[in-house]
Amino acid sequence: MQSLSVRNTKQQIQYRDWSYTCHQRRLSEINNRKNSNDKNYLNIIEFSRKNKFFNSRRKEIKKQEEILSQNQKLFNKIVNIKSSFYRSSSRQSINSNCSKLSARSIEQKEKNIQRMKDNSIQRQKISQMCIS
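Heads up, the numbering used here is the position in the sequence shown plus 4, with the first residue counted as 1.
Treat the hints with care, since some could be wrong.
Said to hold, decoys possible - Here are the in silico distance ranges between beta carbons for each label pair:
| no. | residue 1 | residue 2 | range |
| --- | --- | --- | --- |
| 1 | 20 | 47 | 54 to 60 Å |
| 2 | 73 | 53 | 27 to 33 Å |
| 3 | 31 | 71 | 26 to 32 Å |
| 4 | 51 | 20 | 44 to 50 Å |
| 5 | 34 | 66 | 42 to 48 Å |
| 6 | 53 | 78 | 33 to 39 Å |
| 7 | 74 | 108 | 45 to 51 Å |
Because the hints were derived from the structure by calculation, they are not lab data. Heads up, the beta-carbon is just placed ideally off N, CA and C, and yes, glycines get one too.
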């Protein structure tokens, strides 16, 4: 009987060893899965951070592009306003120059007419003096 019990104990020891190694393997597999899951989780977190950064950067770039386009539109409006102002001011200066010229020419004509009248009056006086 003793031999049986000894055999049993040897078998039991072998079984225990075997079960322990199985258990250890399972634990190591579980730990490996955990580690890989942790790595995956960390990778996911890192990717989400990068995506958030890239998304925020994209939004900033879009805002800056919108601001640049608005600035360009405003600049074009200012240029149009300036050019229309210069056109109108040049027209006004031309008109004012023309009006100055026309005013001068009118004054000149009036002076000429006055001179002619004065000359005719003087001729009449001279002719009257000569006659008398």
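Do the hints match the structure? See the list:
1. 20 - 47: 54 to 60 Å: Violated, since residue 20 and residue 47 (Cβ atoms, about 40 Å apart) do not stay within the stated range.
2. 73 - 53: 27 to 33 Å: Cβ of residue 73 to Cβ of residue 53: about 30 Å, so the range 27 to 33 Å holds.
3. 31 - 71: 26 to 32 Å: violated (59 Å)
4. 51 - 20: 44 to 50 Å: About 45 Å separates the Cβ atoms of residue 51 and residue 20, which means 44 to 50 Å holds.
5. 34 - 66: 42 to 48 Å: Since the Cβ atoms of residue 34 and residue 66 sit about 47 Å apart, the hinted range of 42 to 48 Å holds.
6. 53 - 78: 33 to 39 Å: holds (37 Å)
7. 74 - 108: 45 to 51 Å: holds (49 Å)
The structure does not agree with the numbered hints 1, 3 stated previously, though it agrees with the rest.
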